[in-house]
Amino acid sequence: MAVITDAICSLCGSLCDDITVTVEDNVITDVERACILGRNKFVGMFLHDRIESPMIRKNGELVDVSYEEAIDEAAKILVNSKRTLSYGWCSTSCEAISKAIQLAEETGSLIDSTANVCHGPSALAVQEKGGPSATLGVVKNRADVMIFWGCNPAHAHPRHMRRYSSFSKGFFTQKGRKDRKMIVIDVRKTDTAKIADQYVEIDQGSDYLLVTALRSAINGHEDVIPDTVAGVSKEDILKLANTLKEAKFTCVFYGMGVTQSRSKYKNGDGVSSLISDLNQHSKAVMIGMRGHYNVTGYGQVSTWETGYPMAVDFTRGAPYYNPGETGANDVLTRGDVDAAIISAADAGAHFPQDSLKYLAKIPVIQIDPYANPTTELSDVVFPAAVVGVEAEGTAYRMDGISLRMKKLIDTKFKTDEEIVVDLINKVRELKRGA
Amino acid sequence: MSELLIKNAVVCDPINNINCVKMDISIKDGKIVESVSSGAKVIDAGGKLTMAGGVDGHTHCAGKINVGRFMSPHDMRMTNVPGLSGKEAPTATTRAQVGYNTPNAFAIGYRYAKLGYTTIGEAAIPIIGARHTHEEFEAIPILDKFGLTLFGSNWQVMEYIRDDEPEKLAAYVAWGLKASRGYGIKIVNPGGGEAWGWGKNVSGLDDPVPNFDVTPAQIITALAETNEKLNLPHSIHLHCNNLGKPGNYETTIASMKLLENLKTSRDRQAMHVTHVQFNAYAGTSWRDFESGAPQVANYVNSADHLTFDLGQVIFGPAMTMTADGPVEYANSRMLHAKWSNMDVELEDASGVVPITYSPKMFVNAVQWAIGLELALLVDDPWKVMFTTDSPNGGSFVNYPEAYTYLMSAKRRTEVIEGLPEMALGRMNLPGIDRELDLYELAIMTRAMQSKIYSMDTKGHLGVGADADIAIYDLKPDSIDTTVEYAAVKKAFSSTAYTIKGGEVVVKDGEIAMTPEGRTYWVNAKVPQANTDAMQVDLAQKFKRYYTVNQANYMVEDAYLPHPVEITTEAL
Chain D
1 MAVITDAICS LCGSLCDDIT VTVEDNVITD VERACILGRN KFVGMFLHDR IESPMIRKNG
61 ELVDVSYEEA IDEAAKILVN SKRTLSYGWC STSCEAISKA IQLAEETGSL IDSTANVCHG
121 PSALAVQEKG GPSATLGVVK NRADVMIFWG CNPAHAHPRH MRRYSSFSKG FFTQKGRKDR
181 KMIVIDVRKT DTAKIADQYV EIDQGSDYLL VTALRSAING HEDVIPDTVA GVSKEDILKL
241 ANTLKEAKFT CVFYGMGVTQ SRSKYKNGDG VSSLISDLNQ HSKAVMIGMR GHYNVTGYGQ
301 VSTWETGYPM AVDFTRGAPY YNPGETGAND VLTRGDVDAA IISAADAGAH FPQDSLKYLA
361 KIPVIQIDPY ANPTTELSDV VFPAAVVGVE AEGTAYRMDG ISLRMKKLID TKFKTDEEIV
421 VDLINKVREL KRGA
Chain W
435 MSELLIKNAV VCDPINNINC VKMDISIKDG KIVESVSSGA KVIDAGGKLT MAGGVDGHTH
495 CAGKINVGRF MSPHDMRMTN VPGLSGKEAP TATTRAQVGY NTPNAFAIGY RYAKLGYTTI
555 GEAAIPIIGA RHTHEEFEAI PILDKFGLTL FGSNWQVMEY IRDDEPEKLA AYVAWGLKAS
615 RGYGIKIVNP GGGEAWGWGK NVSGLDDPVP NFDVTPAQII TALAETNEKL NLPHSIHLHC
675 NNLGKPGNYE TTIASMKLLE NLKTSRDRQA MHVTHVQFNA YAGTSWRDFE SGAPQVANYV
735 NSADHLTFDL GQVIFGPAMT MTADGPVEYA NSRMLHAKWS NMDVELEDAS GVVPITYSPK
795 MFVNAVQWAI GLELALLVDD PWKVMFTTDS PNGGSFVNYP EAYTYLMSAK RRTEVIEGLP
855 EMALGRMNLP GIDRELDLYE LAIMTRAMQS KIYSMDTKGH LGVGADADIA IYDLKPDSID
915 TTVEYAAVKK AFSSTAYTIK GGEVVVKDGE IAMTPEGRTY WVNAKVPQAN TDAMQVDLAQ
975 KFKRYYTVNQ ANYMVEDAYL PHPVEITTEA L
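Protein chains in written order, with the working numbering: chain D, 1 to 434; chain W, 435 to 1005.
The set of hints was computed from the structure by calculation and includes no laboratory data.
This list has only true hints and no planted wrong ones.
Listed next, the in silico DSSO-like pairs over lysine-lysine satisfying Cα-Cα at most 30 Å (straight line):
1. Lys181(D) x Lys975(W)
2. Lys977(W) x Lys407(D)
3. Lys431(D) x Lys361(D)
4. Lys465(W) x Lys909(W)
5. Lys266(D) x Lys634(W)
6. Lys941(W) x Lys431(D)
7. Lys634(W) x Lys181(D)
8. Lys407(D) x Lys612(W)
9. Lys634(W) x Lys178(D)
10. Lys248(D) x Lys634(W)
11. Lys82(D) x Lys521(W)
12. Lys977(W) x Lys178(D)
13. Lys977(W) x Lys248(D)
14. Lys975(W) x Lys178(D)
15. Lys175(D) x Lys975(W)
16. Lys169(D) x Lys634(W)
17. Lys977(W) x Lys169(D)
18. Lys76(D) x Lys521(W)
19. Lys521(W) x Lys426(D)
20. Lys975(W) x Lys248(D)
21. Lys169(D) x Lys975(W)
22. Lys521(W) x Lys266(D)
23. Lys234(D) x Lys178(D)
24. Lys634(W) x Lys175(D)
25. Lys264(D) x Lys357(D)
Given the sequences, and given the hints that come with them, work out the whole structure.
So, in structure tokens, the structure goes:
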């Protein structure tokens, strides 16, 4: 029996690094300190069926094949494709992401991450107005006001509030929750809202209106604010603005309620502008509540390797970036790719129907430890090691801090990185032959 | 055993007092040697200018630059400097390239190599973010790298200074260098990063840091003493308080004076003051703003304990990025520009804001002049490192353009003619006729770096040096660099050969191969008892205040596949 301390939980963007894992006979039998989501990842992985063998769809059925045959078939798809969509790469290591980008570059593909259906608009907001942020420890040590806007950490990031935000205790926040005012802005009273000091319920899709009203109040233009904005009374808006102005340190945590609701990236743009305005009066920062444990890492690696955080099109050789045109769902709904490789994310479960209908028509390569809805659309399937459990590597927390994930147990499966490297080599071989 | 012989090189190598002398250079296994066998591969330099590979001792190439990239997709397609900017498709040898001020990691390696640079130093590594810095280092091909670790607003540092615990302070700094795999002590706006945690700043050397009861002056002095106690290869590397503010030259000189009597552990400066252009402003506001370069240069000429770099401004778009968080916020409000910020728990702050330096703007025009004035008014080139603080003053790909400003009064006059009348009265440049020669340029771009970083295998071409060599398509005996500045710029923009570790990495301006570079870091040894005592305090920091466990904090060996570990013994 081995007990591994300081293990990193590779489930959500909180990337908790204080997990103790007990391993017996190469099986994780106990996990300490992980939340229910993390626990299910560590212990639960032995309860689910893995994809056991590489598979190729023959006569409509996925049948087991050798690894070499699958690599051969996948490489042929990539070489014969005019433009492949490479998608996902967010529940894997930065090392694998780097290789995936190299494969995309060498095959003239378009590569995008799960941000396409998540925090992609946040990146656009940063490109519009910048991202005034901080590491989570700054919030832990200083924040006396925190807003959770369009996010629900009680369910999506269960240990966030204990480790980093509402309930954490820090240098200037020795009393923890008592030292902080917690505000939730959402369209429904979530479990996070239930434990807040103040819940501001807004009309669906009206985030931009509220942020604009708050900015007006903070910048001394109360007169332009109507009696009610976004379903919130002017009086409440002025009170909220005052709370923010008088805070010592405010952090706005924002989720997909901000990024994927009406006005999309303009909401993030508005929040960024609000933060800039607030800094005229006090200190304020914003942090996106990232979902997949390494979606932040994808953005980082893609940015230093291609110049852009997502939606990078190598069709013309040099990287081309134009979200709205080169996002994963942009090309799928337009029918503008003729093959796809999907890894470390589940398009099948999360993409709109039109995209899935198109995916069903084109050859799809999947790399994943588990069968999921994407598998049903796939023509070549590679089983992979669970990165962060069966393979080590780098991941980025939601605040941009990178950590090294440990290998906790042995595995017979290849890692995402190894599979992609084999694909790169096979593609090169086929191209030389051609 | 690979051997290479460079024949007919006109060598400019100030460390070895060689001023454009025709000679041969022998290379074996990546090092410069006395001689090679007759079987050595031969390169005929044909009388071309040959220098050691350039060393950029202060550039932003890994870490924060990624924030700059992230927020500026517009930068990726900028082609301001043909051949060294914008988008390029991948080739059999090279990865795809993008960008100008914030190029992707691959382009940084290729483009520095084309300029004849073979070693670069990242100017600021937050310890907790160091893993990221090293990931980007590894993505930069060809070049050797090193980075300076931020200590100037660090809680543990400030507490040890306040509590007068110099031994623990030294143990902590040694540990921090190891944790970040850093090369030296960087201090940015001492205390200002902590004040920015509350949206505030410190106003000068004696303004106490909120809640920590230490002053910036104490931080500078204590870290400088620690630096010498640890016998580090570099001195403290100081970004002064009050950066970017009219009148700040007084703070700069006062900061320099703090260490006049510091006894150094090595034969090098007691302090390096960085991007002084941004800290040599006179006047009391932007209305009466003028150059403070003469005052700073006068002091530097009278002192022998310091070196500095320029932070030269290049007209056009740039991207400011610094651990000086309050400066970046102020920039964004003044310029109405987008603003990214990253406060770093227990350690420091940072920010990134795009800027455009316009020759039509009087302030920008004066800034441009100040950098050049500093270089030209300081008599001893060994005190001056050439930088643009890339990409703060402008992208490094503009270095060749900037060389012409330093080498040709004629070229300067051309630029000055286009500047607003108002600016001319606020600068001294039109009255300066000094023109640097190739020897002085070599000092400012590679030789002085060898000394200030104690890198005895870099920045020169003597026996035992790394075979990092730049051969420029320029014949020193048949060019007047004061007049033929276009030819100078062209030659320095793309080498005939760049040789890195004995391998030809650039030939005729094209990347020939892309070996992986090495990463230098300093392992400073201190008595174990001091480390043990320090660890008791540090353990509390991790238990109570950090959000990363100590076990996961230090950069692992996996992130430095090609390390060069410099070990020092505490004095």
